[in-house]
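Number of protein chains: 2
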Amino acid sequence: MSTHTKASILIGDGLADRPVADLDGRTPLEAADTPYLDRVAAEGECGQMDPIAPGIRAGSDTSHLAILGYDPFEVYTGRGPFEALGIGMDIERGDICFRCNFATVEGDLALSADGQFTGATVVDRRAQRIAKGTDQLVEAVNGITLEDVTCYVKQSVEHRAALVLRGPGLGAAVSDVDPHDANAPPHGAEGEDEASQKTARIVNQLVLRSWEAFKDHPVNRQRVSEGKLPANILMPRGAGVAPHLTPFSERYGVPGACVVETGLIAGIGRYLKMTVPQVPGATGGADTDEAALARAVLEMLADHDFVLCNLKAPDLGGHDSDPRTKMAAAQKFDNLVRDVLESAPDDLHLAITADHCTPINFGDHTGDTVPIAIRGPNVRPDSVRSFGERAVVAGGLVRIRGFDIMPILTNLMGVQEKYGA
Amino acid sequence: MSTHTKASILIGDGLADRPVADLDGRTPLEAADTPYLDRVAAEGECGQMDPIAPGIRAGSDTSHLAILGYDPFEVYTGRGPFEALGIGMDIERGDICFRCNFATVEGDLALSADGQFTGATVVDRRAQRIAKGTDQLVEAVNGITLEDVTCYVKQSVEHRAALVLRGPGLGAAVSDVDPHDANAPPHGAEGEDEASQKTARIVNQLVLRSWEAFKDHPVNRQRVSEGKLPANILMPRGAGVAPHLTPFSERYGVPGACVVETGLIAGIGRYLKMTVPQVPGATGGADTDEAALARAVLEMLADHDFVLCNLKAPDLGGHDSDPRTKMAAAQKFDNLVRDVLESAPDDLHLAITADHCTPINFGDHTGDTVPIAIRGPNVRPDSVRSFGERAVVAGGLVRIRGFDIMPILTNLMGVQEKYGA
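Going down the list, the sequences are from chains E and F. The end of the first sequence is residue 421 by the numbering used here, with every number in the run present. The end of the second sequence is residue 842 by the numbering used here, with every number in the run present.
Be careful, since some hints might not be right.
To be verified - Per label pair, the in silico range of CB-to-CB distance: (1) E:Pro35 <-> F:Ala723: 16 to 26 Å; (2) F:Glu513 <-> E:Glu192: 18 to 28 Å; (3) F:Ser804 <-> E:Lys418: 33 to 43 Å; (4) F:Val814 <-> E:Arg385: 41 to 51 Å; (5) F:Lys694 <-> E:Gln278: 49 to 59 Å; (6) E:Asp320 <-> F:Arg811: 37 to 47 Å; (7) F:Gln699 <-> E:Ala286: 48 to 58 Å; (8) E:Glu192 <-> F:Gly540: 29 to 39 Å; (9) E:Arg324 <-> F:Phe783: 52 to 62 Å; (10) F:Arg478 <-> E:Gly363: 38 to 48 Å; (11) E:Gly143 <-> F:Arg672: 38 to 48 Å; (12) F:Arg478 <-> E:Gly253: 34 to 44 Å.
These aren't lab readings, by the way, just hints derived from the structure by calculation. Built from N, CA and C at the ideal position, the CB exists for glycine as well.
Next up, chain E with everything else stripped away, as it sits in the complex (with noise of 0.2 Å):
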């Protein structure tokens, strides 16, 4: 077979729901009218899909890396490397990331000859949610070189921000430096080899200096006259490797890209050398234009063999308590679905699916199964009309795993080698 087709999944981020009393027992997607996600549902084949696996509260970086294909449970070592990626830093194969907060210490911090800290401590892990002035506080400490490892530091949003340390013989086998509660010291980082020992004795150096850098800088003098607190120490945690991971193109010897609007997953993409472009409009939020979504997948579909794309508003909707905004957020996601379907061509493979549940009565991701619908060409359609969670328990998809998606596309797709002759 020289020719294939091309497919895309559009993700609906945490679309799939509970049952919920205020819509009789329904869930906000098989409330919402959608009426083409059920023609994906009635043209194709369905299903039910776990993320990962069976009651596994997928995150999002968890759920797309499966559903690309890329197995979490060998190649994710924490959110660092994600979350570093995410805001746009590039990270290399190997070096230990981080996930950290611009804190608030009180008293005069040191640091003892066996890496415990002494003499401060934690009043405000998150510095108030401090919203600006990050950037400069980083520029007092991104690029420095502790023995023979270089320090990256960027700022993300609020008090957040990303550590990537990159040298030779480091481990990430790292305890905290984040105490995770207030009124305690920052913990000394621990490593539990010879080579996290490196790693955390680097960490507690950048800790000491980022105190010693932030504590008279101008940016908490404004703070402290503004009778704010400062945030005037950095406090890693989550530390994870940069796993390898072999590039999109290359696992699967066609081109791919990600239109998506939030930045961890734009990580995870760039990570993978997919393309991924910018696209004005789309603001991750419940404002945010489905059609530029659309129009950029079509774009991408030109010269990509493989497009997936995330809405983030369905995620957003399970952390409001009212199911009509998830209502809406699954309407703007049937409108991406309409967009694409009208105008790609006519046998491109589509997949529609969510990355994991955010139900409305719980507020964060849960790991019941999310509705899962494939139609294209040779496509066994099965006796399933709507896509719901409940619809598409009788679908010829059965229970897959985010994992199986890959092989199943590519296997509609005609790209996939041959396992054995």
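Assemble the complex: chain E is given as a structure, and chain F must be docked to it using the hints.
For chain F alone, kept in the frame of chain E given last:
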């Protein structure tokens, strides 16, 4: 979320079955009148479960390990450790544990320099299922030290016992002394590696010592005078090393209890440091007081977030050729579910299932699927209205594994950490 629900799994031991001609092709569970099992199915989400994996004939130990979330393929190295736990022996990580039979040999046993037994032949592997006096026999060998290894022996029911070896440098890759046939000499245990060769040497010495201690023991003189075969040797088999299992409460962050009738499952519960209450009236037989089990479940739920309960009766029914016996046991299970449902908090997440099939026409465990139903807040009720091997096929859980239950329950309970961001 600071609040979470509690959960209980009620397990009908060997409850699932195969179609029975005398029941017009129904299974005992399908034929029995079980309105409360049906109620859980109607209110909840149903499916089929492979206790271990499709087609695998699960033991009660491997199945319960899997259901509690401990992968038996990783942690189960032989029945020995769980057998020893089941009869109340203390075992420690690293102990080498065996099942043993009290058996009858004829001749004058000797142990050759190369570790082979000569001079005697096994005439009854079970010493005519000796019922009395094994406690006195055990006293003659329990606690002896061979080289630097202490040997603990304890009798179980009839001809059964367990042996625990504790000492440095022992391995578990040891062949059985029990020849598994009469008219053969006991087999000299052999070890695959250096550590296991040490174990084999100790075991062979212990077997010889048991013969020396038992052959003229008053218990056996009495038996011979009554025309019975003497129980004049201990024959170990099924070596396993006591594995490291993270305690249940540490694994899941909530305390758990096991309300069970059999020593084997009680041993697993104790090994996981779960609460394992004594339940007066729980005989483990067809005459057991299921109301007492239900009361114990409810009592445990007062200060534990998770309670597993196993009713042994259906498994015994499976060993009987009369389907009515097993139907009566299914009715007992229905009573247990009724009593728990009627007095438990409304928001209890209740799962009902079996740990394996014990078909009445097979008389032992088989690897067919078992039915499962889960009810409680936030489940997505499906179209299934009765609890039976075939009725659950249409359910929303579709087909899960025993190992999936705890992630599914801890997700519903709201106590599971998110995997990723």
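Hint check results:
1. E:Pro35 <-> F:Ala723: 16 to 26 Å: 50 Å, violated
2. F:Glu513 <-> E:Glu192: 18 to 28 Å: Given range 18 to 28 Å: holds, Cβ gap about 24 Å.
3. F:Ser804 <-> E:Lys418: 33 to 43 Å: Holds, at about 39 Å.
4. F:Val814 <-> E:Arg385: 41 to 51 Å: Given about 21 Å between the Cβ atoms, the range is violated.
5. F:Lys694 <-> E:Gln278: 49 to 59 Å: 54 Å, holds
6. E:Asp320 <-> F:Arg811: 37 to 47 Å: 42 Å, holds
7. F:Gln699 <-> E:Ala286: 48 to 58 Å: 57 Å, holds
8. E:Glu192 <-> F:Gly540: 29 to 39 Å: With a Cβ separation near 55 Å, Glu192 (chain E) and Gly540 (chain F) fall outside 29 to 39 Å, so the hint is violated.
9. E:Arg324 <-> F:Phe783: 52 to 62 Å: 55 Å, holds
10. F:Arg478 <-> E:Gly363: 38 to 48 Å: 43 Å, holds
11. E:Gly143 <-> F:Arg672: 38 to 48 Å: 42 Å, holds
12. F:Arg478 <-> E:Gly253: 34 to 44 Å: Holds - the Cβ-Cβ distance for Arg478 (chain F) and Gly253 (chain E), about 42 Å, lies within 34 to 44 Å.
The structure does not agree with the numbered hints 1, 4 and 8 stated previously, though it agrees with the rest.
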